[in-house]
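Just so you know, the sequences run in chain order A and B. The numbering of the first sequence is the working numbering, which starts it at 7 and goes up by one. The numbering of the second sequence is the working numbering, which starts it at 7 and goes up by one.
Note that these hints are calculated values from the structure, not bench results. Hints should not be assumed to be uniformly reliable.
To be verified - A short, non-exhaustive set of chain A residues, derived as facing chain B with CB atoms under 10 Å: (1) Ala45; (2) Gln61; (3) Ala93; (4) Leu144.
Claimed, not checked - Derived coverage of chain A by chain B (criterion: at least 3 residues anywhere in the stretch with Cβ under 8 Å from a Cβ of chain B; other residues may be distant): (5) 48–60; (6) 135–141; (7) 156–166; (8) 225–238; (9) 245–257; (10) 261–268; (11) 361–374.
The beta-carbon is built from N, C-alpha and C at its ideal position, and this holds for glycine as well.
Number of protein chains: 2
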Amino acid sequence: MPTARDAQNLDMADPLYSRREKFLLPKEIVYLDGNSLGALSGRVPATLETVVRDQWGDHLITAWTEDDWWGAPLRIGDRIGRLLGAAPGQIVVGESTSVQTFNALVGAARLRPGRRLLVTDPDHFPTNRYLAESVARLCGLDVVAVPVPDVHGFLREQGEQVAVVSYGAVDFRTGRLWDMAEVTAAAHAAGAVVVWDLCHAAGALPVALDDQRVDIAVGCTYKFLSGGPGSPAFIYVARGHHDTFEPPLTGWHGHARPFHMEQGFEPAPGISRTRIGTPPVLSLLALEAALEVFDGVEMAEIRAKSLSLGDFLIECFDQHLASLGFELVTPREGALRGSQVTVAHPDAHALMRALIARGVIGDVRPPNMLRFGYNALYVSHADIHRAVTTLRDIALSGEHHDPRFTTPTLIT
Amino acid sequence: MPTARDAQNLDMADPLYSRREKFLLPKEIVYLDGNSLGALSGRVPATLETVVRDQWGDHLITAWTEDDWWGAPLRIGDRIGRLLGAAPGQIVVGESTSVQTFNALVGAARLRPGRRLLVTDPDHFPTNRYLAESVARLCGLDVVAVPVPDVHGFLREQGEQVAVVSYGAVDFRTGRLWDMAEVTAAAHAAGAVVVWDLCHAAGALPVALDDQRVDIAVGCTYKFLSGGPGSPAFIYVARGHHDTFEPPLTGWHGHARPFHMEQGFEPAPGISRTRIGTPPVLSLLALEAALEVFDGVEMAEIRAKSLSLGDFLIECFDQHLASLGFELVTPREGALRGSQVTVAHPDAHALMRALIARGVIGDVRPPNMLRFGYNALYVSHADIHRAVTTLRDIALSGEHHDPRFTTPTLIT
Numbered sequence: 007m008p009t010a011r012d013a014q015n016l017d018m019a020d021p022l023y024s025r026r027e028k029f030l031l032p033k034e035i036v037y038l039d040g041n042s043l044g045a046l047s048g049r050v051p052a053t054l055e056t057v058v059r060d061q062w063g064d065h066l067i068t069a070w071t072e073d074d075w076w077g078a079p080l081r082i083g084d085r086i087g088r089l090l091g092a093a094p095g096q097i098v099v100g101e102s103t104s105v106q107t108f109n110a111l112v113g114a115a116r117l118r119p120g121r122r123l124l125v126t127d128p129d130h131f132p133t134n135r136y137l138a139e140s141v142a143r144l145c146g147l148d149v150v151a152v153p154v155p156d157v158h159g160f161l162r163e164q165g166e167q168v169a170v171v172s173y174g175a176v177d178f179r180t181g182r183l184w185d186m187a188e189v190t191a192a193a194h195a196a197g198a199v200v201v202w203d204l205c206h207a208a209g210a211l212p213v214a215l216d217d218q219r220v221d222i223a224v225g226c227t228y229k230f231l232s233g234g235p236g237s238p239a240f241i242y243v244a245r246g247h248h249d250t251f252e253p254p255l256t257g258w259h260g261h262a263r264p265f266h267m268e269q270g271f272e273p274a275p276g277i278s279r280t281r282i283g284t285p286p287v288l289s290l291l292a293l294e295a296a297l298e299v300f301d302g303v304e305m306a307e308i309r310a311k312s313l314s315l316g317d318f319l320i321e322c323f324d325q326h327l328a329s330l331g332f333e334l335v336t337p338r339e340g341a342l343r344g345s346q347v348t349v350a351h352p353d354a355h356a357l358m359r360a361l362i363a364r365g366v367i368g369d370v371r372p373p374n375m376l377r378f379g380y381n382a383l384y385v386s387h388a389d390i391h392r393a394v395t396t397l398r399d400i401a402l403s404g405e406h407h408d409p410r411f412t413t414p415t416l417i418t
Numbered sequence: 007m008p009t010a011r012d013a014q015n016l017d018m019a020d021p022l023y024s025r026r027e028k029f030l031l032p033k034e035i036v037y038l039d040g041n042s043l044g045a046l047s048g049r050v051p052a053t054l055e056t057v058v059r060d061q062w063g064d065h066l067i068t069a070w071t072e073d074d075w076w077g078a079p080l081r082i083g084d085r086i087g088r089l090l091g092a093a094p095g096q097i098v099v100g101e102s103t104s105v106q107t108f109n110a111l112v113g114a115a116r117l118r119p120g121r122r123l124l125v126t127d128p129d130h131f132p133t134n135r136y137l138a139e140s141v142a143r144l145c146g147l148d149v150v151a152v153p154v155p156d157v158h159g160f161l162r163e164q165g166e167q168v169a170v171v172s173y174g175a176v177d178f179r180t181g182r183l184w185d186m187a188e189v190t191a192a193a194h195a196a197g198a199v200v201v202w203d204l205c206h207a208a209g210a211l212p213v214a215l216d217d218q219r220v221d222i223a224v225g226c227t228y229k230f231l232s233g234g235p236g237s238p239a240f241i242y243v244a245r246g247h248h249d250t251f252e253p254p255l256t257g258w259h260g261h262a263r264p265f266h267m268e269q270g271f272e273p274a275p276g277i278s279r280t281r282i283g284t285p286p287v288l289s290l291l292a293l294e295a296a297l298e299v300f301d302g303v304e305m306a307e308i309r310a311k312s313l314s315l316g317d318f319l320i321e322c323f324d325q326h327l328a329s330l331g332f333e334l335v336t337p338r339e340g341a342l343r344g345s346q347v348t349v350a351h352p353d354a355h356a357l358m359r360a361l362i363a364r365g366v367i368g369d370v371r372p373p374n375m376l377r378f379g380y381n382a383l384y385v386s387h388a389d390i391h392r393a394v395t396t397l398r399d400i401a402l403s404g405e406h407h408d409p410r411f412t413t414p415t416l417i418t
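With the rest of the complex left out, here is chain A:
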């Protein structure tokens, strides 16, 4: 029987509760869309002021060395690496997730010349699907859409033709968490290379890139890492591939001697070969400041809190929403969930807009899914309780049928 009092008790026992104070969240808002854009961390505004006025403004071009802007993509990459089980020197931050995905897929395919299949999830995020098709066209591959549960069987039967296996660790709509170790091992058994999309996993739950022998991974930094709107993405390439990984995006920052400005691309040693163009320094250094909220926390603690929030959300769902035409999309079992619970309802769009008007922010995904992402660093059990009971009140009152919520918008 999950009540407001139960929520309060859970929050009082939560060792991460006070971390919420590190974020500049509006007081009256319940924010459950940190799986789309993480909240603003308190360290960011002052850091940006320094970067803009002191570094760009006063140091001008010399800031590239004086303030080590040049080193930022690898320095921040290592910081993210700690959260992903990656030893230093295997992650670069820069460019958008779409661009990193392209670089990763082409680079992966080139590690397995002679194999012609690129296996990916039919339910993968649009960018991943579109780019898989584009990469296939450029590299002479065929894309095969295989749902994750079927990939083992597929690899057993046709694995010898598979160059690349590309999946997302957490399904962006359903919040379903896949077993990265298992899929990676199956891909390796078939001789293929894996490319993991960690957009909905990085900062949300423990990932063990090195231990699981993942080949390549890509992820965004503006969801659970709270790096800011459009903060640059990251790419991980396991050390064992550093000498053979051939990125198609051969920008000068990835050259062995970028400032010699030589003819002919000679890739830099190590992960630096995945550097591409000049990174967006303001967004990049805002991300670096934002990552300080992870200092002194282990991903296991974040995961424990996230599971507690998810369990509580599902309890609240059972009590308040199950009987009102809502359907639980996300698995009940904690081990099968990311840090998000999705519920379906035919009026998803209007319900979410009415909910946002009441100060509870989530989002929707086609065709009918309401997504609630909870960042364990700043979401409380009380937030979850308020979100579910507000949604219940809206559904009961029918206020979401108001034209201001049913008129189509950009995203509907």
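Fit chain B to the given chain A structure using the hints.
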């Protein structure tokens, strides 16, 4: 006989002189590296504070619509378009210049299937050369390096095999300005598509993309547009190609209905198909604020001032540097120059470091070139005079032989 008094007189007659006040330049610095990183405009810090605290911090995910982050890539593109002679709806801002160059070259090659040559400048900027090779490998093309002066002859002889002609409007080392209209016309006469790199032209001098019937152009925004370190690049695709341009970087932002998250990439109508991933919003909106310094100015005024600065620099060079082992690399004729004068000297690196230590900032490019870029919106004739006489004093005194200037660094 260019004296400090001459500089002062020229500055007093300069209608753009007061625009310098719109920039937050350190008082004691002469900044002649705006061709690498433009100076900080005074509008930027307050805008970023608003974007970070009010938009990201308070509006959170709803800022994508409420503050129209979604519209920014095209809105800012149109603003840049005014400076480049491009009618609205043909420019998108986002990603790095390297990424836009890749997208442009593959997209251009696909407009001319069956032709196998990609013609480019052997002296083009490294990223352009490396990416031309990469695109050729992916698309089955051959790269032919043809210096600009030879391109007309080459196109007359082998033009029917040429798919893409790709040059920079201004040579990044020498500051040589090429005749875009002439090269574009020659490419078109051969049936090829042109891709212009405007990195050293945008914001520095008038460009007439529509009038000259340029097909595709790419440029960065952190040089003469002063958008901030690593501010996102732009791509121009002429309206006539919008229906047929097929970008290889098929990110979901370029889809016809991005929020429907459909299977299969259906490119958006118009220039929106060149959108790729989520742009770095902080860097993007800093750029938008920075562009306000161009409000109420025509590129012709900027060009007139830039030519005056360049003429004056060359006069100062003749008087103070020509006899000290320096060589003028940039053409004397104004019509053949961008907004940069380059001089060569065997001790270029040490001389530049000694010069920077004296508060005059330019940069160096291999093997022996000192570059002085002058942004007409904030550089004065007095700055030019001080730069040249300071360099003369250093060369005469030999202070650049001090080990703190001769020890190798990242860029030497």
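Checked against the structure, which of the hints given earlier come out wrong? Structure breaks hints 3, 7.
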